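The sequence shown begins at 60 in this note's numbering and counts up one residue at a time.
No lab work stands behind these hints, which were simulated from the structure alone. Careful, some of the hints might be misleading.
Unchecked claim - List time: in silico DSS-like cross-link candidates among lysine-lysine, alpha-carbon distance up to 27 Å:
1) 216 <-> 169
2) 132 <-> 121
3) 204 <-> 157
4) 185 <-> 68
5) 132 <-> 150
6) 216 <-> 68
7) 72 <-> 150
Small disclaimer: the values here were computed from a predicted structure and weren't measured.
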Amino acid sequence: MSQHVISVKVENKFGVLARVSGLFSARGYNIDSLAVSRTENEDISVMTIVVNGDDRILEQVKKQLNKLIDVIKVSDHAVQSSVQRELALIKLNCPAAKRGEILQLAELFKAEVADISLKTITFSIKGDSEKIDRFVELASPYGIKESMRTGLVSILKERD
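Using the sequences and the hints given, assemble the complete structure.
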């Protein structure tokens with residue numbers, strides 16, 4: 060199974076998110092990631108949905124989404140044709156003896172210090188999912204106290 064990123068442009072109305080997520084749950088599909096935002100037009104929102112499945116499942120999901128009344132447009136955002144980013148906040152144990160080492164790791168990943176205390180340090184990191192996964196993997200030995208990730212956001216690349 061492969062990961063698919065679907066962008067769904069919808070009318071910005073009450074209940075639309077529930078109908079879209081209900082479509083997935085009714086068919087037994089799990090949403091791995093979901094990000095929703097209003098667009099430059101306040102009457103329209105865009106949902107970026109990440110699902111796992113084969114191409115047949117992707118086509119089925121797209122057809123079902125297009126049948127929903129408040130859906131304006133559904134598009135597949137393949138990695139090679141879109142810009143994709145994610146944001147994570149990661150709070151690590153940070154004893155004084157390890158602080159320099161931890162800050163060096165963060166610098167390699169261009170992670171920013173969002174908060175710092177005597178015992179912990181919280182980083183903000185943005186990038187593709189693989190970059191964030193790698194940072195989490197390398198930061199884990201220091202002890203992750205808490206972490207939170209946004210859903211993936213995606214926008215199609217322009218082809219001139």
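The hints, checked one at a time:
1. 216 <-> 169: holds (24 Å)
2. 132 <-> 121: Judged against 27 Å, a Cα distance of about 10 Å means the pair holds.
3. 204 <-> 157: holds (15 Å)
4. 185 <-> 68: Holds, because 24 Å separates the two Cα atoms, which is no more than 27 Å.
5. 132 <-> 150: Judged against 27 Å, a Cα distance of about 38 Å means the pair is violated.
6. 216 <-> 68: Judged against 27 Å, a Cα distance of about 16 Å means the pair holds.
7. 72 <-> 150: Roughly 35 Å separates the two Cα atoms, so the pair is violated.
This entry does not satisfy hints 5 and 7, going by the numbered hints stated previously.
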